[in-house]
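Enquirer: The residues making up each chain are set out below.
Protein chains: 2
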Amino acid sequence: MANMVTVDPGKLIRFSAKILQKAGVPEEDAERTARMLVATDLRGIDSHGVAHLGSLYIKRIKEGLINPKPHITMVSRAGATAVMDGDRGLGFVVGYHAMTEALKRARETGAGFVSVRNSTHCGAASTYAMLALPQNMIGIALTTGGRAMVVPGSVGRGAGINVISVAVPTRGDVPFVLDMATTVVAASKFEVALRSGQETVPEGWAVDKTGKPLTDPKRYAAEGALPPLGGLLQETGTYKGFGLSVLVDILCSILGGSISISELLTQPDTALRANHFFGALKIDGFMPTDDFAKAMAGMVKVYHGLPKATGVERITLAGEIEHEIEMQRRRGIPLDQQVIASLRELAKEFGVEYDL
Amino acid sequence: MANMVTVDPGKLIRFSAKILQKAGVPEEDAERTARMLVATDLRGIDSHGVAHLGSLYIKRIKEGLINPKPHITMVSRAGATAVMDGDRGLGFVVGYHAMTEALKRARETGAGFVSVRNSTHCGAASTYAMLALPQNMIGIALTTGGRAMVVPGSVGRGAGINVISVAVPTRGDVPFVLDMATTVVAASKFEVALRSGQETVPEGWAVDKTGKPLTDPKRYAAEGALPPLGGLLQETGTYKGFGLSVLVDILCSILGGSISISELLTQPDTALRANHFFGALKIDGFMPTDDFAKAMAGMVKVYHGLPKATGVERITLAGEIEHEIEMQRRRGIPLDQQVIASLRELAKEFGVEYDL
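Residue numbers (the numbering used here), protein chains in the order written: chain A, 889 to 1244; chain B, 889 to 1244.
The list cannot tell twin chains apart, which means a pair is met if one copy fits it or any two copies do.
Restricting the straight-line Cα-Cα distance to at most 27 Å, the calculated cross-link-like pairs of lysine-lysine (DSSO-like) are:
{"#": "1", "residue 1": "Lys1196", "residue 2": "Lys1100"}
{"#": "2", "residue 1": "Lys947", "residue 2": "Lys957"}
{"#": "3", "residue 1": "Lys1182", "residue 2": "Lys1196"}
{"#": "4", "residue 1": "Lys1189", "residue 2": "Lys1097"}
{"#": "5", "residue 1": "Lys1236", "residue 2": "Lys957"}
{"#": "6", "residue 1": "Lys1196", "residue 2": "Lys1106"}
{"#": "7", "residue 1": "Lys1196", "residue 2": "Lys1097"}
{"#": "8", "residue 1": "Lys899", "residue 2": "Lys947"}
Derived from the structure by calculation, the hints contain no laboratory data.
The shape of chain A in the complex, shown without the other chains:
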């Protein structure tokens, strides 16, 4: 971790918000997006935070692929469910509104679900699932990802690197936050490997066009494809990872009135779109929140208390490591030189003071 620069989270939010505003995003949306981007860096998900600000979001706004002032519309046909059209807005803005709507519906009926079409890259899915936590709800956030999964029986890029996140509240303890691509790893792991100068990645992360293992991260962008969670063999569960990817595609794309992400992303005018599916379940619709909190604490204790393998110090549940990183990073977020350079460039381009 040499050559890292530590940056104050509050300053990073204000800086990112200013850049987004200069690029045409309204003030409230810019601030919300900046907060969500930095929240991702805070949790250690370096692949989905401010590293993407210039290279992905600002670039796509300038190219006309992201609409900085979307007219978001919604159709509801039942108390607990709705469909939203994101009008190609920033995924953060669209996602925030859709999740807020799911939470509102869950407060009323116990459950709320919003399927979202015509959106764009929304960062880390857990950012949305976690919006449910302060309201004592279970949050669900699914999103389509780039089309880079190898489909069992096929070669090359066929299905979405679709993502599943679920957040469950606890009281006092660390919340349970699962956030997983349905591939063995997310494509962004290759960006991180390149930024940190890694020369090889583990075998099993990617294959080339012919299906042979690809371990050089430099080759990924041009010809890599990602095996589903469970790998490429039927015996190791390839159909499970692929099945989960298709399920996310159905809930995000088909149920929201779009078409399959695998078709959508091959059409030039819709390339780089994303569809989402957000949901919330009110704990109190099932049982008193106090009882739930107690049972959750009990569950965590059971898993933590399992016998440890040789050399293992602790057993962790989804979200624990990220929570600990956040506690540390609230005092400062380490960013690598490449990310810092991209932020300096944005400052220059938009005439914003670089004060990080």
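Assemble chain B onto chain A, guided by the hints.
Expert: For chain B alone, kept in the frame of chain A given last:
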């Protein structure tokens, strides 16, 4: 597949129902259970069908572990959600009532979810998820499984072989039906291997107490533990399979007022219990069912049309193979000699004519 006996599905249902009635299950519940058991065999899930009738369900009724006449109760605290107590009834009976309740709530509000405690082994989860299909709904069925998953960082059996099933309707086409244990394979694959005389199973399916690969199916019962989907290494996604298992545990056990399956199954008086979580999403609550059906057909076509790897004839989505097996097996279900012997024994024990 030598030594298989082909049995008429209708006769098999009537025979199984008679046995269940003789064991004390009321007529309607016995018939429903028999139909669901045979439906599982019809779809080729040989590990979860009538092979379990004597060895699991009847045995546990006789031992007092399953209550043949449960008093099922329900508490609801919101329009879309509820909690059910299964009173240790047959999982099939409890599961059918809970899924029916989820569907009823989804008809009213668009979404319905029922978390179920104090139930027992309910067979294949897809049997319940598929109950949503004729009603143009997406069906969700989660259940805890036996405690046999190795938890990352631990050794031996620590977490549940918890199961996720989701069924999505199509019109005319084959429905999408995902049904997967959160382990690389379900424990029942070892039963099937033993019944069919297989001497080894693929490496990666199980490990022994010390974490070393276990490939002899005869050793599984005594000392096997199952890696999560994604295997045992962080690089291959072990935390994803484990995370999904814990998520299912939370929704089935914690949200339903039980305790974690990992603790529950270690207590002598609750061993062999199961908790479930059933859900339904009404398509029409999101969009017109016609549009959904068209988009689903389009999606299936996209995946089917992907380039094929050398030697591969077709690409299939979740549920397609099972659907084809069902079309064949409607004319007769092949059962192996061991299963036939167990059915003959049940006939003798309960004084029921063996007419298969």
